[in-house]
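Student: Chains as they are written, first to last, in the numbering used here: chain A, 1 to 491; chain B, 492 to 979; chain C, 980 to 1075.
Rather than coming from a laboratory, the hints here were simulated on the basis of the structure. All residues carry an ideal CB built from backbone N, CA and C; glycine is no exception. One or more hints might be untrue.
Said to hold, decoys possible - Here's a subset of chain A near chain C, in silico, CB distances under 10 angstroms, partners left out:
(1) A29
(2) D32
(3) S214
(4) T244
(5) F273
(6) G276
(7) Q278
(8) F336
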Amino acid sequence: MTDLTDLTVLDALQALRSGQVSSRELTQACLDRISRLEPAIRAFITLTPELALQQADEADRKLAAARRGSANFAPLLGLPLAVKDVLTVKGVRCTCGSRILENFVPPFNATVIERLLAAGVVVLGKTNMDEFAMGSSTENSAYGPTRNPWNLEHVPGGSSGGSAAAVAAHMAPAALGSDTGGSVRQPASYCGISGLKPTYGRFSRYGLVAYGSSLDTVGIFARTVADVAALFPVMAGMDPLDATSMDLPVPDTTLSASADLKGMRIGLPAEYFIDGMQPAVENLVRQAIETLHSLGAEIIPISLPHTEYALPVYYLIAPAEASANLARYDGIRFGFSQQEDEMWAIFRESRGGGFGQEVKRRIMLGTYALSAGYYDAYYGRAQKVRTLIKRDFEKAFESVDAVAAPVAPSSAFRLGEHTDDPIAMYLEDVFTLPANLAGVPGLAFPVGFDGSSMPVGMQLMGRHYREDQLFKIAHAYQQVTDWHRRSPQLA
Amino acid sequence: MTTYDEFEPVIGLEVHAEMQTQSKMFCSCPVLDATTAQANTAVCPVCAGMPGVLPVVNQRAVDYAIRVALALGCTIAPTSIFARKNYFYPDLPKGYQISQYEEPLAQHGLLPIITSEGEGVIRVRRVHLEEDTGKLTHVTGEGGSYSLVDLNRAGVPLLEIVSEPDMHTIEAVRAYAEGLRAILRYLGVNSGDMEKGVIRFEANISLRPRGSQTLGTRVEIKNLNSFRALERSVAYQIERQAETLRRGETVALETVGWNEAEGVTFIQRSKEEAHDYRYFPEPDLPPLVVDEAWVEKARALLPELPQAILRRFQQQYQLSAYDAGLLTAERDLAVYFEAVLAAAPGVSPKQAANWVLGDLFALMNSLGRDISSPPLSPDALAGLLQALSAGQINNSTAKTVLTEMAASGKSARQIIDERGLTQISDASFVSDLVQRVLAENAGEVERYRAGKESLGQWFFGQVMRQAQGKANPQVVREELQRQLDTLK
Amino acid sequence: MTKLSLAEVEHIAQLARLELTAEEKARYSEQLSAILEHAARLQELDTSDIPPTSSVLPTRSVLRPDVARPGLTPDELLSNAPRAEQNQFRVPPILE
């Protein structure tokens, strides 16, 4: 039997159902691997081994009952899962990668967590992230950076770097992240795995600690697109606790074995193939598109003319919303609190001392963009240009079913390479931001390795609520390629 | 020259009214009575502003808001937008309040008022929805002072009603405030219990020289929880601004609080510097859609409103504005009054009004009751008034019977019959009684004839005493006068 | 390029209730100015007839029936509180 931690989600579910493997065995295997690799990778902030084994034992009981025929198999029964520390799991510390929530224990589960637990998952722990999801490298974590399993001197990407690294390092078969400006797709690409940013409104945000409320989505990491698609229907669907979750039927995302993409029209936006991209990235992405073409897809050049404005639009809207979302961290009701004799001093010192540099920078930026006299020029204008970006996509989807593009201008950069230059860091997001601004789904998957053997991914962006089309295309690609079966050499 | 001769006060009112829904504005926590609830027993992650939570709008709160807006004649926006009002304070868990800013639920309404100057109309600029804050209690103990935060009230649905600065007298301010409160009570949206702090006022006052059209600098008075505080603080500000202007100085744009004990306003150092609330549309809530069907349904369910009933009472029953005003102060009272009239045809509305507003109220006060659970039904009171009106009993007997009715639950008829209280109107009986009294009191008769006219009242009292109070006073007076006249 | 002055940075920090060191203020002044410089690009576009996108979702009514449900117990609520007393959050005196 192969190392249990090499099992994909689908293979693991099958093995669990057949009784070939118990959830406890699988969970223990993951926990052992985590112990071995964590000192080098540091993917987790909080490990929950007791909780996990408890849940695994419960899952084993239910698996046995289902095998006896006295119950149904819950869709993900016994599956270990890592959860980005931005989603609340009741009774488990939730830090959001920040000092200001160092000891915060939420008294409620995020809705997606509720649904996954009901489906039988086992929670291994909370993974590392850029503080409050602000960053593209996981170097903004107050708990130290996570390292890329493919090369420990490189970043895993961000802000969901911990979850991406955990999956890439086979610490967990799947993990949850969040994507506000690319924070699932970019780390997926940097770590050579698959990652979904769903349509805004597809997954409930209740329990997802807010950064940019009109942009935030919960995302899924796994080593194959088919695996991602297996978790998708369990998490999707309207939530009465989230007024921004859409009441729409979940499409059938069962994937066929067929790799036929005849009839599928894929757009190639000129604006995403720019100077300054790493040549290897461009080449690998273009090769992947060729492969899609060979499977029958029609490749159509398109234009998304306002792409270049996505960066300034995002870096006005997201910080503005964040500046309000983070106002609740005041040292009064929860979180880090600086002991002071005067109330306003508590506010200022707790926030000043508890927040990291990037967070403070974005709060300042957001506060400014909303402030009296500046609203129209900054936030107001950004929301209007956002409409133009959204319309670019709507227009494109009149003639194509999916838009293909690179995920990042380069493969994973080195730790420390951008930490002194926030703008250089922001430029890492240029290809991923537009999907968040338009609310469209984006699916990232690996398409090769560059000259330094670092993974490169591409993304497909689709119509609102048509994740099924993205799964179909990417799954077809993964049937005729094997990038997704490569794994980093680790102990 | 009085202040009012010299200056015209220009006053606008902002009213915050809690709504009597079962649950809070954006979460399912119960809305509790602040005066009886234990601290922090109606709080959930949402209204506590914990990381990861989201608001969802309470449908009934919107429904109530629509009704109030319709009662005020406002135009309802088919879509309106929630907005974040950003500021920091320990009673504001999220660090922002979800409110409405540029696109509120309703605008352009009005409230008719009646003051000693006649009828007037105060325009309502806007009505919008928002959430209430928690409560801060200041504690002074050994080791200094500090505050405690209770979040029970955080998230309670709040209606904000903003008037145009159309009020120019304290009387108008009071009439507007009372009129609003009456509407809120009539619609069942708010209890109107001022002691519980369910309605709060903020007044904006500026002064201008009489005859001028330019607006002066306004002062805002916040946190007024009673009509008394409202009136007194406004009066104080008017005088204070007048003094400032008379000295040739300008009034400073400021926000003040009211110190009830000392009767002065005091500058409040602002909670939020220069009120930069950095409003932006609430990304967690879609636009609020209120379609025609919803508005029409709400309109159809509106009860007859206080101003309409007041006008009708004046026209239909020829009641004075004063009496009509008192009778329509509470919906229950107006309903009670009309039920009495319906059950007592032949009783004049004026008489019924006097009895309801006078004797019934006095009785209720003594029993510690109110019109929501009256000590006798409208039918019962109607029965009493009919007996009185028909002359079967006199006024003082009727008062006694009223008390007896409340105590025993018996009808007026029963008590009158059982106790033989039917008043005596028989002319010959009265005539004999008067004759006897005059005969027995020859001395007083002499003094009366000599000019002591006030003894007429004494004779009357004697006759009534002999009749054990049951004689018809009108008949007694007439007969007594007739007999006394013949003696002259 | 309009650079944010120290006074402006301090004003924003006060609005956001952030205590910043002198070094942070200087750094943010530089960095925020640079970011806003990039943001100025948005002025190039004609957005006069363009409505803002406050949400990418279609406009639809999302309302909750008015039913009360129990929430947290005071203990649960205060379990994360730095300072609590008499089942309430404790806050030192407020000096404006």
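Student: With reference to the structure, classify each hint as holding or not holding.
Tutor: A quick look at each hint next to the structure:
no. : hint : verdict
1   : A29  : 34 angstroms, violated
2   : D32  : 33 angstroms, violated
3   : S214 : 6 angstroms, holds
4   : T244 : 6 angstroms, holds
5   : F273 : 21 angstroms, violated
6   : G276 : 15 angstroms, violated
7   : Q278 : 22 angstroms, violated
8   : F336 : 8 angstroms, holds
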